[in-house]
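There are 2 protein chains.
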Amino acid sequence: MSDSAGIPVWIDGQPADRLPVSDRGLAYGDGLFETILITSRGPVLPDYHLDRLESGLQRLGLGLSRLQVQQALHTYPGFHQPGIVKLIVTAGGGGRGYFRGDARPVCILSHHPAPAYPAAFHEQGIRVFPCKTRLGRQPLLAGLKHLNRLEQVLARNEWGSVDDFQEGLVCDLDGHPVEGTLCNLFIVEGDEVVTPALDNCGVAGVMRRWLLEQLPAQGLRVKETPITLERFRLAGERFFCNSVLGVWPVAHFEQDHWPAGPVTRLAQQLIRSHFH
Amino acid sequence: MSDSAGIPVWIDGQPADRLPVSDRGLAYGDGLFETILITSRGPVLPDYHLDRLESGLQRLGLGLSRLQVQQALHTYPGFHQPGIVKLIVTAGGGGRGYFRGDARPVCILSHHPAPAYPAAFHEQGIRVFPCKTRLGRQPLLAGLKHLNRLEQVLARNEWGSVDDFQEGLVCDLDGHPVEGTLCNLFIVEGDEVVTPALDNCGVAGVMRRWLLEQLPAQGLRVKETPITLERFRLAGERFFCNSVLGVWPVAHFEQDHWPAGPVTRLAQQLIRSHFH
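Going down the list, the protein sequences come from chains F and Z.
Residue numbers for the first sequence follow the numbering used here, so the first one is 1 and each next one is one higher.
Residue numbers for the second sequence follow the numbering used here, so the first one is 1001 and each next one is one higher.
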């Protein structure tokens, strides 16, 4: 992401865009991040981002409170400008090897233009690449948005331009679809909306959570459970979501082609009316 | 690790110790590293470090050749001074999200004093902490020394001072011992020297490789295979190794206490005569 003109990067509350190479975030991926969409109505799902970050801080044992992160965000000028704010929390500098010692967490904030995707991705749906990269099994880190993202990098770089494929389908070690490279996955089976369980791998997206909470009020049942590739193919509908791009219907996957279905349109409509 | 006085950090051949926060190494742990011991006789196992790095570059799809890394190392003043050289290769800056686009790899070199461990760790052996953190299962990344090291960080930070425990025993999701937090593990059963297989997790250390190659000439059989906690406990000997600290006998683990055995002493002797 390129920087937004006029809004500098901040490191621990000061304008700065370079970090010592000894920082543990670089050395070991010892940290977490959030990517928050800011619309003209303000940040989208800020509390959900903070919830996930807070559970990550706890699981990784990083000594930074939700309140401290919240204050850092609100003080940052970019948090009040339409675009994307990327927040990185690293374990900081210091310590010796893997031992953190007295290292203190560091907050990095940067502001970027919101990505301008063609409306067709939203309207007609997207082409999805069948990624060969499998997500490993690690219950301890599953669901978190930590800085150890080699799996997503390898999956995304299996294909080139976003003009060819807009997202990839990524499976776990059993070959079961889990998510995209940057989105969560939903399928619709009858009146049940299903998203893969994230007990062993995957990132628990904030828009995934919001949809799981909102859809029952629309008369739909929701379920988090492992799914097979066959269920993905045979489902009535399938879509990807995240908090930045909203909902993208899956239009093409290998030899299959599907039109966008009614639940997918409903999810798009809910997002439009709540956030835009 | 603190910097060695007088030898600056280099980034891509130039003295510099700060990296843009947009670097993919920080953002995603998209990169690799090596920690090379330099004695008064020169670097220890430099070709083995380069072999592992090269296989990492290939597996991660990073466009940097072995020769380029070799040249970067040899040009760096720290590579010719006793101590430790840490080499980090990141995927560089640029790209968009997980897509690398035209990002070009970056080489970071830093020099540090060699750690001064008490001789007792080597002579009498070490106290080993039973880590609860399990290594996840990810065959694609197993063996590599990549920058996604949260598992090692979490395992090492289960205890505090190196005065209390000098290494931790880390198991896989099945509860089978795999390695330490910064060392590889060997056990001795009769005339067979066994080290856990690293097909699903773990770091394939260069000293582990060297011992696997050297020990057969000493009349010992070597084997890479999964082991159980019971085999670890019941073995005739057990020791940890890495290229910086050499071989440390395991003296204490939970309620057990063991003296250092003859194969452990032989491994120490081989290292002493070859490298020091």
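If you're looking for bench data, these hints aren't it; they were derived computationally from the structure.
Possibly wrong hints are sitting among the right ones.
[Claimed, not checked] Covered stretches of chain Z, going by a simulated chain F footprint (3 or more residues, C-beta under 8 Å):
#1 1023-1035
#2 1138-1149
[Stated by the list, open to error] Label pairs and their calculated CB-CB ranges:
#3 Z/Gln1255 to F/Glu189: 39 to 47 Å
#4 Z/Arg1041 to F/Pro20: 26 to 34 Å
#5 Z/Gln1214 to F/Ala114: 53 to 61 Å
#6 Z/Glu1192 to F/Arg18: 48 to 56 Å
#7 F/Gly261 to Z/Val1222: 52 to 60 Å
#8 Z/Gly1190 to F/Asp12: 31 to 39 Å
#9 Z/Gln1255 to F/Leu67: 29 to 37 Å
#10 Z/Val1222 to F/Gly101: 30 to 38 Å
#11 F/Pro113 to Z/Gln1058: 52 to 60 Å
#12 Z/Val1222 to F/Pro20: 39 to 47 Å
#13 Z/Asp1199 to F/Leu67: 26 to 34 Å
#14 Z/Asp1199 to F/Gln71: 42 to 50 Å
[Stated by the list, open to error] From chain F, some residues computed to sit far from chain Z (all C-beta separations above 12 Å):
#15 Thr35
#16 Glu54
#17 Gly101
#18 Arg265
Where is the CB? At the ideal position from N, CA and C, for every residue including glycine.
A quick look at each hint next to the structure:
1. 1023-1035: holds (count 9)
2. 1138-1149: holds (count 8)
3. Z/Gln1255 to F/Glu189: 39 to 47 Å: With Cβ atoms ~53 Å apart, the hint is violated.
4. Z/Arg1041 to F/Pro20: 26 to 34 Å: Holds, since Z/Arg1041 and F/Pro20 (Cβ atoms, about 31 Å apart) stay within the stated range.
5. Z/Gln1214 to F/Ala114: 53 to 61 Å: holds (57 Å)
6. Z/Glu1192 to F/Arg18: 48 to 56 Å: holds (51 Å)
7. F/Gly261 to Z/Val1222: 52 to 60 Å: holds (58 Å)
8. Z/Gly1190 to F/Asp12: 31 to 39 Å: violated (56 Å)
9. Z/Gln1255 to F/Leu67: 29 to 37 Å: Hint violated: Cβ distance 43 Å, outside 29 to 37 Å.
10. Z/Val1222 to F/Gly101: 30 to 38 Å: The hint (30 to 38 Å, Cβ to Cβ) holds, given that Z/Val1222 and F/Gly101 are roughly 36 Å apart.
11. F/Pro113 to Z/Gln1058: 52 to 60 Å: violated (35 Å)
12. Z/Val1222 to F/Pro20: 39 to 47 Å: Holds, at about 41 Å.
13. Z/Asp1199 to F/Leu67: 26 to 34 Å: Violated, since Z/Asp1199 and F/Leu67 (Cβ atoms, about 44 Å apart) do not stay within the stated range.
14. Z/Asp1199 to F/Gln71: 42 to 50 Å: holds (46 Å)
15. Thr35: violated (9 Å)
16. Glu54: holds (17 Å)
17. Gly101: violated (9 Å)
18. Arg265: holds (26 Å)
Checked against the numbered hints given earlier, the structure breaks hints 3, 8, 9, 11, 13, 15, 17 and satisfies all the rest.
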